[in-house]
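**Q** Chains X, G and E supply the protein sequences, listed in that same order.
In this text, residue positions in the first sequence follow numbering that gives the first Met the number 0: the first is 0, and each later residue adds one.
In this text, residue positions in the second sequence follow numbering that gives the first Met the number 0: the first is 0, and each later residue adds one.
In this text, residue positions in the third sequence follow numbering that gives the first Met the number 0: the first is 0, and each later residue adds one.
To be clear, the hints were calculated from the coordinates, so they are not data collected in a lab.
Ideal Cβ placement from N, Cα and C applies to all residues, glycine included.
Among the hints, a few may not be true.
Among the chain X residues that face chain E by a calculated CB cut under 8 Å, a handful are [unchecked claim]:
#: 1; residue: Ala-114
#: 2; residue: Glu-174
#: 3; residue: Val-175
#: 4; residue: Pro-177
For lysine to aspartate or glutamate, the following EDC-like pairs were computed, each having C-alpha atoms within a straight-line distance of at most 16 Å [said to hold, decoys possible]:
#: 5; chain 1: E; residue 1: Lys-186; chain 2: X; residue 2: Glu-174
#: 6; chain 1: E; residue 1: Lys-55; chain 2: G; residue 2: Glu-655
#: 7; chain 1: G; residue 1: Lys-136; chain 2: G; residue 2: Asp-114
#: 8; chain 1: G; residue 1: Lys-109; chain 2: G; residue 2: Asp-54
#: 9; chain 1: E; residue 1: Lys-55; chain 2: G; residue 2: Asp-54
#: 10; chain 1: G; residue 1: Lys-321; chain 2: G; residue 2: Glu-290
#: 11; chain 1: E; residue 1: Lys-195; chain 2: X; residue 2: Glu-250
#: 12; chain 1: E; residue 1: Lys-167; chain 2: X; residue 2: Glu-183
#: 13; chain 1: E; residue 1: Lys-165; chain 2: X; residue 2: Glu-120
#: 14; chain 1: G; residue 1: Lys-553; chain 2: E; residue 2: Asp-136
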Amino acid sequence: MTEAVSNLQKALAAGRFVVTGEIGPPKGTNIGPVIHEAEHYLKGRVVAVNVTDIQTAVMRAGSLVGCKLLVDHGIEPVFQMVTRDRNRLALQSDLLSAWILGIRNVLALTGDHVAMGDHPEAKPVYDLDSVGLLMAMGKLESGTDLGHDFKGNPNRLDGAPTFFKGCCVTPCAEEVEPQIIKLEKKAAAGAQFVQTQAVYDPATFEKFMQRIGHIKIPVLVGIVVLKSAGMAKYMNRSVPGVQVPEAIIKELTAAPKDGLKKVSAEIAARLVREMKPMCQGAHLMTLGWDDLVPDIIAQAGLAS
Amino acid sequence: MRDADLTSKDVARLAATTDLMEREWAPCRYGCPVHADVRGYLEAIAEGRWREAIDIIRDRLPFASVCGRICHHPCEANCRRTDVDQPVAIREVKRFVAELQAPGGSTVRKAAVQDKARVAIVGAGPSGLSAALELAKRGYRPTVFEKFPVAGGIPATAIPKYRLPRDVLRIDTDWILAHGVELRTGVEIGKDKSLDDLRQEGFAAIILATGLSTSRLLPMPGADHPRVLPALRFLTDVVFGRKVDIGQDVLVIGGGNVAVDAARTALRLGAPRVRMMFLESLDEMPAYKWEQDEALEEGITFTPRRGPTEVLVTGGRIVGVKARAVTRVFDENKRFDPRYDDADVITMDCDTVILAIGQAADMGFLRGGSLKTDARGRVPWTPATQQTNLPWVFAAGEIVTPPGSVVEACASGRRVAEAVDLFLSGREIGLDDTLPPHIDKITAGVGEKVVKAPREAVAAEPPEQRKTSFTPVDRNLTAEAAAREARRCMSCGAGAEVIVDKCAACLTCLRVCPFEIPKVTDVARIDSVLCQSCGICIAECPANAIIARGWNPKSLPARAGATLAALPAGGKTLAYMGGYRATPADWRGERKAVPGVAEVYLPSVARLSVMDLLAPFERGAERVLVVACPDGADRYPRTAQRLRRRVEQARQLLAEAGLGADRLQLLQVADQGRPAIREALAAAQQVAIS
Amino acid sequence: MIVAERKPLDQILQALAPFRRILVLGCGSCVTVCLAGGEKQADELAAQLRLAARQKGLDLTVEVDCITRQCDREFARNLKADPSTYDAVLSIACGVGVGFMSELFPQVPVLPGLNTTFYGANVASGVWAEYCHGCGDCVLAWTGGICPIARCSKSLINGTCGGTNKDKCEVSKDMDCGWLLIYNRLKTLGRLDELKKLRAPRDWRKDRGAGVRRLTHQELVKLEEEAKA
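Chain X on its own, in the form it takes in the complex:
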């Protein structure tokens, strides 16, 4: 195996249980606050921080600039790339740009449909899917790209990147076999780590992990911090493959208004603790409540 290109890769290779965080760029140019949050709550606590890419098809400042600013502040980013908005030319170009800017971890995603976001009139691209994007990354790493020169021969790159390539999966999908088959394909296409969609039911997650035992890449279980009972119910209704159990909803309902964050952190920490034995890490999606991350890590017994 080649040398690790990032701390995330190194930590996972060493067999440590890793924690990653996530920030979302602003809908505008005022990126300062979110970088500040990362510096304050995530730096030194999580091994890497995902920067979302026009998440849920709501137009925002790009993941690329967010990752670059994290690098500048000494935080290791995970560059999320969706295939919804850019064709293979732009995606490959952005990958080269990312590597030049010092970014190594890349999470290849398909991306929510434009219909879900705030620009439903936009034209969806999906020139590549997530598997294709992983394949593209592999091509770039091997010094070529997806295209050909005018004679029909593969192109040759002047300088090739090396990435730590990630993908996602939905462990609690109603139909889980298609997810597993796709994960197999992502691994075959070069995926080296997995960050999952939010999981709230350890039992289901355990079954899932058993079924993907043959896919030998590390899995970071996704935990979305629940900000309220209402949010939990919304997720049950509308977010596919995410099931918040009744018990947790009750907990959130019972929480006092000023004690909500505490309960939230407790729930997240408990979930991490329960699922720690089953996987290789946890991916915390705090949706702005980054201040909870230290508590969650502490309560989960993961102080690094």
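Using the hints provided, position chains G and E relative to the given structure of chain X.
**A** Using the frame of chain X, we list chains G and E on its own:
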């Protein structure tokens, strides 16, 4: 099965799509000896168009009123409704309209000029008068010679008055004569004049139509007793009010209609016991079934399978008839060849015998003339041309055809008139007797989906009452009942047909048909044999590729326009009225109108297309209403829902066009009677519109 | 089959605003079958336009005609009148018909009365669903006969995304997840191995990636040229 597909070119060549109904006849029309357009007149009656109905009937059947009373209705025997519930009571409906429109209610289509040759017709019975009518219409000058003092033949001289009131007969004979037919009663050819005399007098052709006017006799011991009465003479005597000598215990020999007439007449003359004895078994008994039933109800009894051998006379009075058993009547080839068991003989007590064993011709008309009978004693006759062996002498009716009914005689008379016309025009007498094919039976699959409706019952006089007089046995249908009964007609053959070059095989017709009739392969094809004429496929076909044979779907907008134009100016409403449950008075406009509402009656509103709903707005309507039956009460199964969808569609188009959806309303009140309908129409006028 | 639906009337009226005498031209093919542009719909639209014009006080004469197809020039011979004698033609054929009639009759504006939507199958009475995208490179052999380009909202080629929600696409609960349909179909056929194969990034050239498309049968073109020579 179906013949060629219909194309746009075919349709363009037709004067009207109704011409397509000539390609294949409904079985009622096919079975009718004169091929009257039964479907056509039933439709007219269903819609209260009395005059049109009787004109359609009389176009083929001069003796409309007579047949309305006594026809044996082969049309009903062929009616396809038999396989659904019961056949349509065509004769009763015909009777209703024929007698309603008499006198003067039938159009007389006299020739503008009658200047062609004179033709003599011997006998003013159904065949003779039918021939005379046809010749008069073609411009000839027919003179009918009749030995009796009245015209009509057997219907006038022998059929009992309880079956055929004579004023009913006169409706027909008067109408016929009004076409320019000369009638000379009390003139007997062969006595007062010979056939050769007629030729001398300038008649260019002669038609023998003398029928069968005598009864066949049975030579047996005692048959010459004065109380052994030939049936026809007996009946004629009664008709003309002459005294007849019958006793208390009458035995009628014979099982045909004349025998039944004789028996029921004897009963009405007061004979306490009247029996009928005949060779046939009960199943083989030749009299019409309904005649048999009425006779039995009146207390007449039948003794089948017996043949008389002797009239027993004691002391100058008849005391009985010896009768032997019959082992068979017909041979293997269905020919009359009775066999008897002479060991099995009984005596039937009676004091009067009426012989009704068949009718025979009275050949007296040949006396003094050069026409002679053939070796078998019959008038020599060529059926193809209806000529005798003298080219200017023709024959029609029972004198030459097998014994038949009035309607068959009419057919024979019309045909001979055509033959005479060809002869007198110097042309070869080539008569085309070919008929179009007829529509086959209805399939069980379709038949069970047809909405059932019971046949209208005819009110009959109770037997105990009616057997004491010669008043008619049953009553005419009322106008409402006649219309209801006429609406049971399934309009066989008048339904939808696909114009194949316009069809896009979109499957709409297949999907909307309540009877699952269309079949779609390369194009849709609709089996005319099965189509019930509901009109839904026509209304919904996106390619306008379906025509109706029985009506013109494109005619509605113009009709709506004309009805609207007749309203006074100001806020006009066009109401399409589902007429299936409306009375004839409603259809005829003899109803209290709702101010501002023009009513257009349709056999069913299921056939209304979106265009029909929009068109009135371009022709002066401010509002359009559709009065339909509610779900489940509609004339055709599940059509109410389809109509609702089309109304909704049209409402949306109106809203889009800025007129507002409420200008078009569906009122599902057609089954609630006129007062409720009026109320609904008036209320609908109050709904606010933009 | 090409599926299309009637444009809203106000859009049509707006397009017709400069014109006085128009011809509504129906088509006897696909748009008849999907009940949008057949002869009957042409009659209905004409009636509706006349009523709307009257309502709005517009001066508008509307006539109707319908030909078998508007995408083959020979059928134009069957037109009852020369279209260029009208101020405008409102074609209620699919977009192909509108465009082609425009080309055949360049002197008269040919306006669309329908919005042409997709290639669809009639899945139930009154319901048409998009089944084919016209991508030019059919892959239905390895998707159990279900088109991933047309029936997956994202036109993915390697299986479901994470958005499947109760068997439905994340875009709408009325939309089936195309890849789940494919998965189930392949399972029924015992061909899940096709789903497991890695599919390389798609060549979009045949799906307008190489521009406007054209299909030519060279031998027929040659025959035409020889016939003309």
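**Q** All hints, please: hold or fail.
**A** Here's how the hints hold up against the structure:
1. Ala-114: Holds. Min distance 4 Å.
2. Glu-174: holds, 6 Å
3. Val-175: Constraint on X:Val-175 not satisfied, violated at 11 Å.
4. Pro-177: holds, 5 Å
5. E:Lys-186 x X:Glu-174: The hint holds at about 13 Å.
6. E:Lys-55 x G:Glu-655: Given pair E:Lys-55, G:Glu-655 holds - Cα atoms ~12 Å apart, limit 16 Å.
7. G:Lys-136 x G:Asp-114: Satisfied, since the Cα-Cα distance of roughly 11 Å is no more than 16 Å.
8. G:Lys-109 x G:Asp-54: OK: G:Lys-109 and G:Asp-54 at ~13 Å, within 16 Å.
9. E:Lys-55 x G:Asp-54: Measuring from Cα to Cα gives roughly 50 Å; hence the hint is violated.
10. G:Lys-321 x G:Glu-290: This hinted pair is violated, its Cα atoms lying about 26 Å apart.
11. E:Lys-195 x X:Glu-250: Judged against 16 Å, a Cα distance of about 41 Å means the pair is violated.
12. E:Lys-167 x X:Glu-183: violated, 23 Å
13. E:Lys-165 x X:Glu-120: Judged against 16 Å, a Cα distance of about 25 Å means the pair is violated.
14. G:Lys-553 x E:Asp-136: violated, 48 Å
Hints 3, 9, 10, 11, 12, 13, 14 from the list above are not met by this structure, while the remaining hints are.
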